[in-house]
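Chemist: 25 is the number that the working numbering gives to position 25 of the sequence shown; each next residue is one higher, with no gaps.
Watch out, some of these pointers could steer you wrong.
As the list claims (entries may be wrong) - Result set (DMTMM-like, lysine to aspartate or glutamate): computed pairs, CA atoms no more than 20 Å apart in a straight line:
{"#": "1", "residue 1": "129", "residue 2": "84"}
{"#": "2", "residue 1": "129", "residue 2": "116"}
{"#": "3", "residue 1": "129", "residue 2": "112"}
{"#": "4", "residue 1": "129", "residue 2": "90"}
Hints were generated in silico from the structure; no laboratory data involved.
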Amino acid sequence: MLRVRMCAFARRVKNLSTLSLSVLGFTATAAHAEFSFDSSFLEIGGGNTSSEVAEQVKAMSQGQLPGIYRVDLSVDDRVVEQRDMNFIRETPSQVSTPNGLFPCFSLQALTELGIDPARLKDAEISPDKCV
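Given the sequences, and given the hints that come with them, work out the whole structure.
Modeler: Take a look at the structure:
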């Protein structure tokens with residue numbers, strides 16, 4: 001009876017080792033595999049073309065991509081709220097930032113945050129309605 005159990009155990013070990021060697025063979029092959037793809041298949045956010053995708057990849061080397069990010073807003077070192085903000089690429093006339101982006105605030109949003117409207121009357125508004 002002991003011999004029968006040992007034979008069954010030996011078969012399991014043999015089957016297990018064969019299976020594990022097979023799996024190791026597949027993972028080694030996958031680790032050395034390379035791939036390529038046609039960039040015309042790429043789309044970002046609503047069907048941007050591959051040339052627009054390539055432009056965004058190029059922009060990534062210049063800092064973070066423009067877009068909508070969730071941020072905590074603070075006024076006078078006091079967290080006011082968390083909201084989704086649109087960030088735009090800085091222009092040459094603006095002070096440079098580490099990530100190359102600036103938040104896009106509307107006049108209404110700044111007023112809602114408690115900024116004095118009298119201070120905003122001479123504010124420069126960009127074509128995309130950012131102060």
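Chemist: Please go over all the hints and tell whether each is borne out by the structure.
Modeler: Tested hints:
1. 129 with 84: This hinted pair holds, its Cα atoms lying about 16 Å apart.
2. 129 with 116: holds, 18 Å
3. 129 with 112: holds, 16 Å
4. 129 with 90: Roughly 14 Å separates the two Cα atoms, so the pair holds.
Against the hints set out earlier in the document, no violation occurs for any number.
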